[in-house]
Amino acid sequence: MSHVDDGTLNAYLDGEVSPAEAQGVDAHLAQCPTCRGRLEEERALITRAGELLALAAPPDHGLPPFRVGDVKPPTRLWWRVRLPLAWAATVVLALGIGSYLGGRVERASRAQTASDTQPAERRALDAPVRSKLAQRESRGTVGGAARTPPPAQPAAPASRQEADGIALERKVQVAAIPRDTALSAATPAPAPASKAAFVMVDGALVEKGSPIRIDSARALLGADPLAVPGAPIRTIYRAREIGYSAVVIVEQALDSNTVIEVVNGRRSPVALEAVTVTGAAAPLVRADSAAVAGRAPLDRARSADSVAAAPAAKAAARLGRYETQNWWQRSLGDLDVRVSGPLPSDSLQKLLRAVQPVKP
Amino acid sequence: MSSVSAEDLAETYRTTYRALVRFLYRKVWDAERAEDLAQEAFARALVHKPDNARGWLFIVAANMARDDARRAARERRHLTLLTAEPQESASATEEALEVESDRARVRAALDELTPRDREVLLLWDSGLSYDEIAAQTGLARGAIGTTLSRARRRLVQAYEAGKSGEHVARG
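In order, the protein sequences belong to chains A and B. When we follow our numbering, the leftmost residue of the first sequence carries the number 1, and every step to the right adds one. When we follow our numbering, the leftmost residue of the second sequence carries the number 1, and every step to the right adds one.
Only chain B is shown next, with the shape it has when bound in the complex (with noise of 0.2 angstroms):
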């Protein structure tokens, strides 16, 4: 039934392995859990080639990334023990820091969406069409251009708010 062979998942990685991680990161805020667990769902592709491999990595990575923080809520320590990795030290300079409060603000704006829109909003930054992203969430087609629209507003709102200081209110 398969005939997805190796070169076209070779393909498929290039194409989408760094895609995958941004998708990924923005739900574990890890970036080498990401990383790893981008990786993690290449070697699943390779066993079970499926045949539309970028769909399934998708799905594939969503369910993990949720598995993840399940997980990760419940032997938090344990898993930090697993990533206790040397890191390289980053210099706390200005801009790094800058930066970082960057990523927060978003990253809070985003928790500001309803499970759906972020998941939409997501799929498409990572690149997905319409139509994929359909397929992977159980939408109707014609509902995407709605929820993207709802999504980006959300987003740009929570974040302007967030970042002048006024209280948002969470929903």
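Here chain A stands alone, though its shape is the one from the complex (with noise of 0.2 angstroms):
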């Protein structure tokens, strides 16, 4: 048989080849030191480029939220959004660190709720100019003196609040549950709703690649994906990772609060290099910079706006989520798979246990 070229290991290690293709390259690879040689160079480089890639990232600046009611096309376009939500987050901040100081916790969580609301993005939308005058008087405010009430709360049209109660009720639920950090205060989307676009490999963060159906991850795997019995599945992504000839992460949701994912990855028959996967969910912290911040160096504290006044809070936040990520792997003939979520240990493992082939 002839060599396989570059451009076909370039696609077998991303794992773009066909199931029978990649027999034919592993059965040649398997024959042929010299393509087996060749084989590490490509993947080295493959590494390489990707490292070098992520040093031109750009600098995090999370997640802005996406909020399809408040965009009225095509006249207000999301770039013109920008500022004043900017400066709806310096109020959040701002109100946050007051009350936090201060003790009066459940305060903060209505004021919060009041900024955050859409009525004032749509004021704020109405009143750039004056928006950004806020932001910046906001802004002194976050780096002088907490206890100096924000500038920018009038600015909340206080006669909406009533109008958008049930909205506003809602967020003061959330406001309520994850209130220990400062990250999670300026933080305005439901909880529920957010999820990491990432997961842990080997200490380093994977982005998911692009959301399939539940055919697509049968193929590419040669097997139904393995899930848990039981929980719905959000989503399924498929993944990269050398090593493996396919990844198919299953999303599932044990409650509202807790997702897991199950990775399932499709060991390559052969072998050259013992890989480790591993994944991890913090579904109750946003899918922002902590997880992005994977694919650059982890130091940067800094963000966009005014966000960035609490990079202690920030990094705590962090940390905390690093410290909540577990999980277990087992082998399932040619599967690896793996069960990550904010569980404990012992549950994780049960879950693990419990995985099922998801029949059509």
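Keep in mind the hints are simulated off the structure, nothing from the lab. Predicted model, so just to flag it, every value in this text is computed and none were measured. For glycine and all other residues, C-beta sits at the position ideal for the given N, C-alpha and C. Keep in mind that a hint or two might mislead.
To give a feel for the contact side, a few chain A residues facing chain B, derived at Cβ under 10 angstroms [stated by the list, open to error]:
no., residue
1, N10
2, C32
3, R48
4, L53
5, A56
6, G222
7, P232
8, I233
9, A253
10, L254
11, P344
Now the stretches of chain A that chain B is said to cover, found in silico as 3 or more residues with beta-carbon under 8 angstroms [stated by the list, open to error]:
no., region
12, 40-47
13, 209-220
Now that you have both chains on their own, put them together as the hints suggest.
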């Protein structure tokens, strides 16, 4: 058989060859030391190129909230909303710190909610200049004395609060859940909607690829993907990992606050080196800075807007998050399967023992 | 015709936004601008509700980045005024400088690639599959692996050459 060309080797390592093609490559590699050497060379190049590109990643500014209802296209474009959003985050942060120091957490929740409701943004949209002023003012407040009442607060339309009573109440509940860090105070979206877009692999964060359907997952793995029975499957992603010809991540919700990930890795029949893959999820924290930071150096405490005023709090949130990452792994046939999530080890072990193939 | 709901798009936003910013950043090399363009791409997606939102977003983003580069060349002065928002003054620690120079080296190395190789590499690094890259670039799917192989090798070589201070011929 002729040698495997570089393009095929790359596709093979990228997990982009069909199972039949992969078998052909495997068969050739098994008997051709030259191609095994080239495979390692390409593997090193792929890793190195990925590292270099990670060096040229943008500074992480987190994930701005996505609120479909706020966008009235085509005149109200998102980039015009950004400044007011930043301003709102500033107010939230200022109120959060002030109230925290004053020990008046309940008031903070309500104030945060008020500044976080849609009318505030709409209003801000109508008066961007004013918002900018307010933003600068409140920046000063954050940097200075946290006891000073935030000057931007009057801009939040109090009269609209009651009209949005339902949304407000919902957000108060959300705000009341993890209020131990400034990061959570400055993160306005409801917690259950969040989930990590990255998983931890050997200490490095790896991006989930595109969401795929169960049929595609089955085709990629050459077997039924494994999942925990009884827990609804939220999304299935493909992922990439060297050492596996295919990786599929099944995201399942145990309840509204707990999301686990079942990582299915199809091992390459020719295992040239041992590779450990882990998965992790931290559904209670939004998939923003900490998750993305893994592709860039982890020291990016600074952020675009006034949220950067609390780097210490951010670092603390990050630390707590890593501490919650647990995973367990076992091998079933050609698949390595891992369960990860913000759960104690014994719970994860139980879930791991319970995994079953998802039948068509 | 469109079966895409706002919820679908919100999900795409969550899974794709950062990748899109990263993709755009490596074209415009301005983090704020990259985020603005990504936001605008999603705003357009809300209007158009494309069936394949992910692929659509990257195509729109690539076009916007290209337009942006043209406009920037034409109206550099004007743009400077527009984007003159207060920047947080990054403390010029040695570490920050090191990060900056690494970034500049990678940028220079990327510039050494042909436009096509660079595009394929950036799309792959943004999480697109070979199929998606083929659909976006018009390349045959079978050519993606070869293109990526060449692009990766070139990037690494150009970076190492730049780092060791050697002169790297343009092309």
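Here is what the structure says about each hint:
1. N10: holds (4 angstroms)
2. C32: Status violated, d = 18 angstroms.
3. R48: holds (5 angstroms)
4. L53: Holds - the Cβ of L53(A) comes within 10 angstroms of chain B, reaching about 5 angstroms at its closest.
5. A56: Holds - the Cβ of A56(A) comes within 10 angstroms of chain B, reaching about 4 angstroms at its closest.
6. G222: violated (17 angstroms)
7. P232: This interface hint is violated because 15 angstroms lies over the 10 angstroms limit.
8. I233: Hint on I233(A): violated, closest Cβ of chain B at ~14 angstroms, above 10 angstroms.
9. A253: For A253(A), the interface hint is violated, since the closest Cβ of chain B sits about 14 angstroms away, which is over 10 angstroms.
10. L254: violated (19 angstroms)
11. P344: violated (27 angstroms)
12. 40-47: holds (count 3)
13. 209-220: With 3 residues closer than 8 angstroms to chain B, the region 209-220 of chain A meets the three-residue bar; holds.
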